[in-house]
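Read off the chains here:
There are 6 protein chains.
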Amino acid sequence: MRPSGRRPDQLRAIALDTGVNKHAEGACLARFGDTHVLCTATVEERVPPWLRNTGKGWVTAEYGMLPRSTNTRTDREAARGKQSGRTQEIQRLIGRSLRAVTDLAALGEVQVRIDCDVLQADGGTRTAAITGGYVALAQALRRVQARGVIKTVPLIGQVAAISCGLYEGTPVLDLDYAEDSTAQADANFVMTNTGGIVEIQGTAETTPFEESEFLALMALARAGITELCAVQAATLAGLE
Amino acid sequence: MRPSGRRPDQLRAIALDTGVNKHAEGACLARFGDTHVLCTATVEERVPPWLRNTGKGWVTAEYGMLPRSTNTRTDREAARGKQSGRTQEIQRLIGRSLRAVTDLAALGEVQVRIDCDVLQADGGTRTAAITGGYVALAQALRRVQARGVIKTVPLIGQVAAISCGLYEGTPVLDLDYAEDSTAQADANFVMTNTGGIVEIQGTAETTPFEESEFLALMALARAGITELCAVQAATLAGLE
Amino acid sequence: MRPSGRRPDQLRAIALDTGVNKHAEGACLARFGDTHVLCTATVEERVPPWLRNTGKGWVTAEYGMLPRSTNTRTDREAARGKQSGRTQEIQRLIGRSLRAVTDLAALGEVQVRIDCDVLQADGGTRTAAITGGYVALAQALRRVQARGVIKTVPLIGQVAAISCGLYEGTPVLDLDYAEDSTAQADANFVMTNTGGIVEIQGTAETTPFEESEFLALMALARAGITELCAVQAATLAGLE
Amino acid sequence: MRPSGRRPDQLRAIALDTGVNKHAEGACLARFGDTHVLCTATVEERVPPWLRNTGKGWVTAEYGMLPRSTNTRTDREAARGKQSGRTQEIQRLIGRSLRAVTDLAALGEVQVRIDCDVLQADGGTRTAAITGGYVALAQALRRVQARGVIKTVPLIGQVAAISCGLYEGTPVLDLDYAEDSTAQADANFVMTNTGGIVEIQGTAETTPFEESEFLALMALARAGITELCAVQAATLAGLE
Amino acid sequence: MRPSGRRPDQLRAIALDTGVNKHAEGACLARFGDTHVLCTATVEERVPPWLRNTGKGWVTAEYGMLPRSTNTRTDREAARGKQSGRTQEIQRLIGRSLRAVTDLAALGEVQVRIDCDVLQADGGTRTAAITGGYVALAQALRRVQARGVIKTVPLIGQVAAISCGLYEGTPVLDLDYAEDSTAQADANFVMTNTGGIVEIQGTAETTPFEESEFLALMALARAGITELCAVQAATLAGLE
Amino acid sequence: MRPSGRRPDQLRAIALDTGVNKHAEGACLARFGDTHVLCTATVEERVPPWLRNTGKGWVTAEYGMLPRSTNTRTDREAARGKQSGRTQEIQRLIGRSLRAVTDLAALGEVQVRIDCDVLQADGGTRTAAITGGYVALAQALRRVQARGVIKTVPLIGQVAAISCGLYEGTPVLDLDYAEDSTAQADANFVMTNTGGIVEIQGTAETTPFEESEFLALMALARAGITELCAVQAATLAGLE
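Residue numbers (full-length UniProt numbering), protein chains in the order written: chain Z, 1 to 240; chain U, 1 to 240; chain V, 1 to 240; chain S, 1 to 240; chain A, 1 to 240; chain L, 1 to 240.
Quick caveat, the hints were computed from the structure, so don't treat them as lab data.
Incorrect hints may appear among the rest.
Cross-link-like lysine-lysine pairs, in silico, DSS-like; alpha carbons within 30 Å at most [said to hold, decoys possible]: (1) LYS22/U x LYS151/U; (2) LYS82/L x LYS82/V; (3) LYS82/L x LYS82/A; (4) LYS22/Z x LYS22/U.
Residues from chain L shown here face chain S by an in silico Cβ test under 8 Å; the list is partial [as the list claims (entries may be wrong)]: (5) HIS23; (6) GLY64; (7) ASN71; (8) GLU77; (9) ASP115; (10) ASP117; (11) GLN120.
Beta carbons are placed, not taken as given, at the ideal position from N, Cα and C, and that holds for glycine.
Chain Z on its own, in the form it takes in the complex:
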């Protein structure tokens, strides 16, 4: 039995709310149970130096946790004067995942910056950030396309992410903190709505795991991501 009483293949309650920031071109508050991540998308009509005069655009991400998003307070990275290795690892992952479904040539010399800030954490913040970040990105691209900044909405698919893990010997979907902190192994999967694999990050936390176990996690993830993509699609359909 999972601590939350969920079935092994059951996601937490998922909500992707737009309309949560009056300034940003795109915004989504992604909630996976008690994990709440506020994602905003900012569109800038300039690109990093290495892309100037290439005709191509860029999508990048930053990630942060509010100090008391966690059970015990985490030091503020701005006060410590640097971002942790974990933060940098996660924001690089979010950026790669969103670029995987963006046609950067069709975007033109435009940069979209996705900010993912964790208001409350209960496991799976990076997967909520990717899933909500996609919605913020899509909303932003639609808006600036409507304003004529870009000609088309240069998205070639949806992308979403979920974690899975071996919890007390059983493969389970969408780990919450209680599970994540004791799992034997966990893996984050980033996939498109058509089942293409974008990123896999699997880690044995206590003991190495077997290929069959890994494949069971991937199967759970595939089903979970299909559900997440449906929520994304419904959210975006509601914006039209």
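Got chain Z sorted already, so can you dock chains U, V, S, A and L onto it with the hints?
Chains U, V, S, A and L in isolation, oriented as in the chain Z frame:
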């Protein structure tokens, strides 16, 4: 006429919501119109080095803005590797303001850290932070008193804050961004529920101002802070 | 009785000496009793990026304390790798105060940098820095006007600053360290020679204070600043 | 055809040389073709603060590239004042991988620090670092066991790593830089000598990939890691 | 002819003034012509961690330049967030030089920190800092000996420093900025009052120099340091 | 007797190996006994800002030590976030020494960056870095001259460096760590192949030394540098 259509002595819609963070000992989402600041209070049973073995406690604050809380994106301080002078100035102000109503000797060797994170900004973020920070502090102190960590709730009054300014020649209360960015002068006032002055920060933005003008701002602030203290009191009464 | 034996409305011995730096366009060693601040003004014929091509100039300030300017040694900020919040707060205040009396449009695309370094501290360093910084600024502007870099001396008034506080229940002018460290409340006032208010920063150190107390402090400050402006004027007259 | 002329399932020339540092408790120069990584192991009889008095030890890693290990010079991280996100990501991976085969309780309150410095890079530096880092770790543990610092050599298996990728549509083993920079997808696998999976990191570089493609990469990796473990075993056998 | 009209073997006007800081245990304003360096000595009854429980003390130094001590303004190191290589090189030199005449065992577990801040620079700041730093150190040691903090004044000699250089082919003593910036070679010499060599730093600025030239510089330095030691001795005699 | 059994005037075994890096324009592994420094030269067809449009080039150096190049591990400077004063002092010395034999005007607007990384340290790393850095520089300049980037090889001589010291009262050449850590005085000499002095850095470690002692060190250095220049010349001749 104010851009928002408010009367000169009219606050924006004020909301102080608790129950917005499942981890923190105290939490309050302070909304002054479109300015939204999430305040959490963390209680630690240890004090900074200079207070060890003095029997006294401490209240301190940190402040941050989410990158897209502002109309155009502001660089993330954690990524830049340091907090701006403005950030440090504001967090020092919040800390001093809350300490002014805390009996640090009665608190004992306990530290309360108030984190104020701006989710959306429209002027007056520091005043919302102080006003909401007080609620988070009071809730946290009540909770740890209930748990026996401290014997009494060591608060000697309420504290709240508001800005005023000279907008197109008229003294007005609770500046929003449209007013703040063009005001001739503005001042932030921090006062207790009994009218004691805790902090005054007045600045001539374009031309020096007269003492009579300053006194008109202070009178507006006094009335506004009375209203804010009433909202604080109602919020805290609802927790009992 | 004040520790120094001064009357409540009495300034310390004030000296504003120019001719203390052979390199700077303007320089003033401001002494308020045992508080000694060396102020230099550097004129640069370029402005910060956000002012380029606007035809407007800028005045900015930096502040520092020599490590042993204080009673016990303070760590060197250059060695610690960052400026404290207090330092940044003070240098922002100095800059705003001096800009308040400068016609930035008349200055043209020129930047004046005021460096205020505390050689010896005994309370009131920021007020000495503003008062001396004005002299350095005025000297520098006269010199570069004489060289033809700017057409006029774009000053629209004098500016000076002083602290006041409630010391053992009595409002007193120009706090020294012995008073400052035990005052119930203190306030810094920045005003022009014509009595216009540029900045007010009042803080209750131990208990909130009353409006009547605050007005008494402001009255003391107004008289003190009149005296300081007279010393500034005499100093600058001596340069002609 | 691969740029190097290798078969799809062929490793580069592999060399793991010990005896390359007279100071370190363990050392290994790992060469995967033209990728050369110098790994040293330092044994310290103290652990990080969070492990004190737990009876458990720790294995951690740091990673760096010499500025001209790369084709065009890379800025020195010590001069830039911080480690890149990539560097931190890699050193966290190396540490986790080596801890996966270390019995930290059997190690006792001892820390082993693995330094992996890239002298020359041609793709796959993190896999060479893990593979050589294991040899340095094993040598160091044997030596300090011989000196009586620890009772047993607390290793529960070997660990090695290799990259695979889809190069021009074909799954290939052990990417060199020419392949890595143009691969459609690549994945790093960390496994034990008994085939247990320790880490998987797969990334679609250009377009999402299929599960079948991923499984082909994993099969290649499994065979490659078996070969690497044999070289490790032979190297360590030669030290006895 | 030297730009200043001095003879090749002539020092600039030398002044070593004590009584320039009311807080420090020792203080000296060292003036070598237009080079003015304020040196303070702070005595702390604790030593760096590596000396604890050794019974030995330490003398260390820090160095800084006020931003407008130079002809054109130099960025403030505290604002830039780090000390330059030049600054660190100089403060290490000052510390080594002063330790060379201090009996650290006789000092006991006490640290003396020498702060050398350049108020105005015209070449030779490091030599003025060492020469004045010695006076501040000696004054501080006498004072704390008088207070009983230490038993004896643990100085085993005087130390002073001077620069020499090849200016337009001629060896000259005590370079000012006009000479320093165009010298073919320059060297800094640190010697004791009995002629012992403490430090030599010689650098060919434009072309390598000959041993005979170097020996001519050393002879000039020896005579100059004898003069400086006499000024030091007179200054310290005046304190008794 | 020296710890190594060497005669007072005997260098350690010297080896200068090129062909140690496939990417760099020039490279040399300099070995002075157990001190091993990997030097690479990178040629860039752009110069620092202050040299743009002057027609002149630049040679600069960076220096680092691998964490376990030392007997006990030294913290990684990239992880600490800054380079030590010692590191900066050494890399400035290497840069000055190499520029002393380079005709910067003949080089044209080209920058050569020398990276010196200590793989294993046993005293004298800076002298090995200069001696090997010269070989890397010369190789790089020859190569880019062959490619037509520069017209001539703008070297006006060879440069090499060696340390000497007073070890148990005797002047000895080329200190190893055992000698360096206990020497009464040590000095580093940088000279050209024709005997010109480029840099001298002499330090009394325990007690001041006499001029005659210093001259004995310089004589040893001169002979040692003649030997080093012969090895450099043979190495470079082998490249032709």
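Pair hint outcome, LYS22/U versus LYS151/U [Cα-Cα no greater than 30 Å]
holds, 24 Å
Would the hint on ASP117/L be counted as holding, given a Cβ-Cβ threshold of 8 Å to chain S?
Nearest chain S Cβ about 5 Å off; hint holds.
Given GLN120/L as an interface hint, is the shortest Cβ-Cβ distance to chain S below 8 Å?
holds, 6 Å
Interface hint check: GLU77/L, Cβ to nearest Cβ on chain S, cutoff 8 Å. Holds or violated?
This interface hint holds because 4 Å falls under the 8 Å limit.
Next pair to validate is LYS82/L with LYS82/A; report whether the Cα-Cα distance is within 30 Å.
holds, 9 Å
So, ASN71/L near chain S? Judge it on the closest CB pair being under 8 Å.
Given a least distance of 5 Å, the restraint on ASN71/L holds.
With a cut-off of 8 Å, does the beta carbon of HIS23/L approach a beta carbon of chain S closely enough for the hint to hold?
holds, 5 Å
Going by Cβ atoms only, is GLY64/L closer than 8 Å to chain S?
With Cβ-Cβ at 6 Å, under 8 Å, it holds.
Take a quick look at whether LYS22/Z and LYS22/U sit within 30 Å of each other, Cα to Cα.
The hint holds at about 25 Å.
Report holds or violated for the interface hint on ASP115/L, using the least CB-CB distance to chain S and a cut-off of 8 Å.
The hint holds - ASP115/L has a Cβ within 8 Å of chain S, the shortest such distance being about 5 Å.
Pair hint outcome, LYS82/L versus LYS82/V [Cα-Cα no greater than 30 Å]:
Roughly 13 Å separates the two Cα atoms, so the pair holds.
Of the numbered hints given earlier, the model fails none.
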